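K.L.:
So you can see what is in the structure, the chains are spelled out below.
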Amino acid sequence: MINFQYSRATDVADAILLLAAHPGAKLIAGGTNLIDLMKENVEQPSRLIDISRLPLRKIEETADGGLRIGALVPNSDLAYHPLVEQRYPLLASAILAGASAQLRNMASVGGNLMQRTRCAYFYDTATPCNKQTPGSGCSAIDGRNRNHAILGTSASCIATNPSDMSVALAALGALVHIAGPSGERAMALTDFHRLPGDTPHIDTDLGTGEIITAIELPPRGFAHNYSYLKIRDRLSYAFALVSVAAALELEGDTISEARVALGGVAHKPWRSLEAETALRGQAATTDRFSRAADLLLRGATASSHNRFKIELARRAIVRTLTQAASATPQSQAHKKIA
Amino acid sequence: MNAYVGTATSRVDGRAKVTGAAKYAGEFAADGLAHGFVVAATIPRGRIARLDTSETLKVKGVLDVLTHAHRPPLADKDEAWKDEVAPEEGSPFRPLYDDSIKFNGQPIALVVAEDWETAKFAATLVRVDYQEEQSFATDLEAERSKGAEVKQLHKPRGDAARALAGASVRHEADYFVPTEHHNPMELFATTTVWDGNGRLTVYDKTQGVQNVHKFLCSVFGKKPDDIRVLSPYVGGAFGSGLRPQYQVVLATLAALALERSVRVGLTRQQMYGLGHRPATIERVGLGAKPDGTLDAVTHEATAVTSRYEDFSRNDTGWAEQLYKSPNSRFSHKLVRLDVSTPCDMRAPGAASGVCALECAMDELAVALKLDPIELRLKSYSDRDQSEDLPYTSKQLRECYARGAEAFGWSRRNPAPRSMRDGKELVGWGMATGVWEALQMPVAARIVLTANGHAEVSCAASDIGTGTYTIVAQVAADALGLPIENISVRLADSTLPQAPVEGGSWMAASSAHAVLGAAEDIRQDLARLASTMPASPLGGVDAADVILVDGTISKNGDKGRAVSIADAMRYGKLERLEKQKLNQFAEDKSHARNTHSAVFAEVKVDEQLGVIRVTRVVSAVAAGRILNTKTGRSQIMGGVVWGIGMALHEETVMDHRFGRIMNPNIAEYHIPVNADIHDIDVIFVEERDDRINRLGVKGLGEIGIVGVPAAIANAVYHATGKRIRRFPITLDKLLD
Ligand SMILES: Cc1cc2nc3c(=O)[nH]c(=O)nc-3n(C[C@H](O)[C@H](O)[C@H](O)COP(=O)(O)OP(=O)(O)OC[C@H]3O[C@@H](n4cnc5c(N)ncnc54)[C@H](O)[C@@H]3O)c2cc1C
Ligand code: SF4
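Quick mapping for you: the protein sequence lines, in order, are chains A and B. The numbering of the first sequence is the UniProt record's numbering, which starts it at 1 and goes up by one. The numbering of the second sequence is the UniProt record's numbering, which starts it at 1 and goes up by one.
The shape of chain A in the complex, shown without the other chains:
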């Protein structure tokens, strides 16, 4: 780990000023990802701007009946908040599928959105990686890529975004609130993370001088028909091979609204509006779910070790939609896939 300077931001404006004054500085919230990367010398910030005491810890209802979640709300507080449990159980479930209880206690909402890929080469300064050192090459493309992306990859990078929370947020149509030198703005979460293209070192559309202040959930919570299913190499405490967030509204047996987002398969949470459109107005049947899976996975390509993820994703989508339709969501506490 290299030496760094440290400042504690007093409010959001101060954080923005500090960011502007110190190129090479990084914000630190829970530290669960950033410190790990600093220990590996992958991240080498010249200064840490500690935002953990900023007043961004509230969960409030918005005027239109949605929810505004401060960027520093710990992941566990969010998952166990009564309004989230009741109205957005998909989000609660996705958070509880991630990491461990200890990590969720430390991890913040903003940090979770900004967490970096778990690609092993990215974590190792001794191996080439375009995300770490642009232009050095991608070691994963011809290397150990069993858990790499199958959608939206590029010739420069095939890494995945590891967040579970973001997958649920993508399905729920969340907004990201951002503050920066030129004021405040908001953007859809689905636009927040980028595909790698030829700039894989840039994960998101957050500007270097900007800070995430909140997440906003629209009123629609899909509290009845939802499920978050995470398939991984052990039953807990592992990153997803594939995860699926499914949210449905049903009228009788007919799907009136559908959202499906995938995790572990791309550089960002993966949605397909086409797949969702294809579900709307249709009966909630396995055939329809399979069709949606085909649409979601259209264009999926495999690398040397991850071909299985395409078929696994297909089956996981069908299973998750089935769970959602039957109002029997996947439990994150049972030692079992329902």
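If you're looking for bench data, these hints aren't it; they were derived computationally from the structure. One or more hints might be untrue.
To be verified - Partner residues aside, some chain A positions facing chain B, computed with beta carbon under 7 Å:
hint : residue
1    : Met1
2    : Ile2
3    : Asn3
4    : Asn41
5    : Ala120
6    : Ala126
7    : Gly143
8    : Ile231
9    : Arg234
10   : Leu235
11   : Ser236
12   : Tyr237
13   : Glu311
14   : Arg315
15   : Lys335
Computed from a prediction, not measured in an experiment: that's the story for all the values here. For glycine and all other residues, C-beta sits at the position ideal for the given N, C-alpha and C.
Given the coordinates of chain A, assemble chain B with the ligands onto it according to the supplied hints.
P.N.:
Chain B with the ligands alone, transformed into the frame defined by chain A:
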């Protein structure tokens, strides 16, 4: 009298451990303690062309950077570097010795600073240029043909090749076990305390303080009195601490260089540069007669070793302990690769070899349409095949019976994919486990004080297995004292002799050392008591006297007793001290083994391939169980590890870089709570009057052996898919 031996006695060190009072190697304080951080090589093979430490040395707080070109002298003969458990063949690794790079992750410099963070930061400023050797290799499968035969413990019998070729039913296949790392919870660390005048007290994470002591003395040319090694508590080691690891050399080297106390701790990542279970290809061939009895067994293991040492263990001979077969042939080949030397890891050899053998037996049972237990019973051997010797005891038949009963094996439908539970396919599999019942010379000292307390001491380590507790139990019973009155000191090189703690030999060996010393105490006390005026023990033969409830009494007649305190007062003894080296009588007329039968239930999501091990029954025959509580824990730990070996564990290498890509416990998977369901441990009664006085065999390794195979066999039964490449991850079931 057995008030404690054989009972579920709680760990005597449990409280110290959970309250944090127990101190580990990296926790000992010393005045002026400096901290060393290791700089590790990032190439697998080559030379250090240039090592520039100038920027590092400029950092405030940095005291020195030790390198091969800048360090105190180290021994230059291989013999000096050969510790008690070093492989016979080869030249042990010498940290910071010269400019050669032998494996990725090798230490090439030690930055020593006033504090750990400074050392860690300054280490990033060390500049290294390598002269890389392009022709390196780390991939066993690619290099398999280079395997060179090592000497076999088991001679061939009959003509196995011919018998296998001509067998009416035959099974032959390769099984692959990947590289695995121990990952003990406690990180490797050494605190070397500079006591002045070149004398050192070394707190080390090790399984053998006397091994480390001897090693350090020879490596640094020190006299035995100059160095003392302690390791009072060890947070798991599983074999990784059998050989002195490089951090103990570095901490000691730095202490000598700076003439002050130095601690060197390794990071989790750096620990992947230590030893490992070698990746192994196990080729097993089984031939059976039409009636299902075995006619041929062949087993060839091809395992990784380093380029500088030949590490090999007995992977292949285990069939000789388990099954009658007139023809057998075993061979073990080593492929030298650019990796660090492998080392022992729980049940070395057997964990991998028996896994393959027992998967193969399952495949043969399927081919013969026989129940897997029936197949095993048809060739059940009451004699060690290789040496043609009977066993001191072997209750394996009973293990099969008790295990099957508890598991409900008779309700198994043999057809694959025939049992299900909702979306999950259910599979039941079983396998046999076997390990050796070894015992070694160990000495113990007992100091009995007139107030009825005893201190028992021995250099043996307790690596979490429960040695402290067993020693206290045996001493309490032998001395007739409550266990609270016994204090135990272990793992100090100045204490009575003990070998490294490994091989499952320490329970039996240390227990008998304690018995031996206690026996001398008893004789002295009996003599003393019988000479007391009007002694109730007058005329009683010393052999007829026992120690019980704080008294010296006639066996079977509590009325004739003298209190230990009275006898010692009479003899004007404040303390009575006895030390005894216990040597087990050599007995070449019998084979000694522990056995188990393992039964596993798996549930596999038919669509998604997710595997759950919902039940394991492990029926173990291992002689007398000294402590049913720590013993059960030991077996449960073995089962959990076996689940990991079956489903999770794999050190992933990128062979293009010769580099381990998952050197952390987020990505190197072991089971977590969610992966563990019911584990039922059955200790099958096994009386063994021949093996040793207490009839004890040891439990350290047997718990893992057989578990991976039972699970793999259950996965086959559930899915109809035979996965011969471990770990069995869900992608292998989806194809
Ligand atoms: C062993 C392990 C297992 C894990 N498993 C999972 C898992 O299964 N699923 C999962 O989803 N996650 C998992 N995680 C990741 C975990 O969720 C993230 O580390 C955590 O969410 C990051 O939050 P933080 O507050 O600690 O971020 P930090 O580490 O403090 O910061 C991470 C990044 O976010 C930036 N940042 C933080 N806050 C803001 C803000 N308000 N505005 C702009 N930038 C900001 C920081 O500058 C930094 O670059 C795991 C982590 C570990 C260590
Ligand atoms: S996949 Fe992306 S993160 Fe991984 S090595 Fe390639 S460029 Fe780096």
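K.L.:
Next step is simple, just say for each hint if it's right about the structure.
P.N.:
We went through each hint and held it up to the structure:
{"no.": "1", "hint": "Met1", "verdict": "holds, 6 Å"}
{"no.": "2", "hint": "Ile2", "verdict": "holds, 6 Å"}
{"no.": "3", "hint": "Asn3", "verdict": "holds, 5 Å"}
{"no.": "4", "hint": "Asn41", "verdict": "holds, 6 Å"}
{"no.": "5", "hint": "Ala120", "verdict": "holds, 4 Å"}
{"no.": "6", "hint": "Ala126", "verdict": "holds, 4 Å"}
{"no.": "7", "hint": "Gly143", "verdict": "holds, 5 Å"}
{"no.": "8", "hint": "Ile231", "verdict": "holds, 6 Å"}
{"no.": "9", "hint": "Arg234", "verdict": "holds, 5 Å"}
{"no.": "10", "hint": "Leu235", "verdict": "holds, 4 Å"}
{"no.": "11", "hint": "Ser236", "verdict": "holds, 4 Å"}
{"no.": "12", "hint": "Tyr237", "verdict": "holds, 5 Å"}
{"no.": "13", "hint": "Glu311", "verdict": "holds, 6 Å"}
{"no.": "14", "hint": "Arg315", "verdict": "holds, 5 Å"}
{"no.": "15", "hint": "Lys335", "verdict": "holds, 5 Å"}
The structure is consistent with each of the numbered hints, conforming to all of them.
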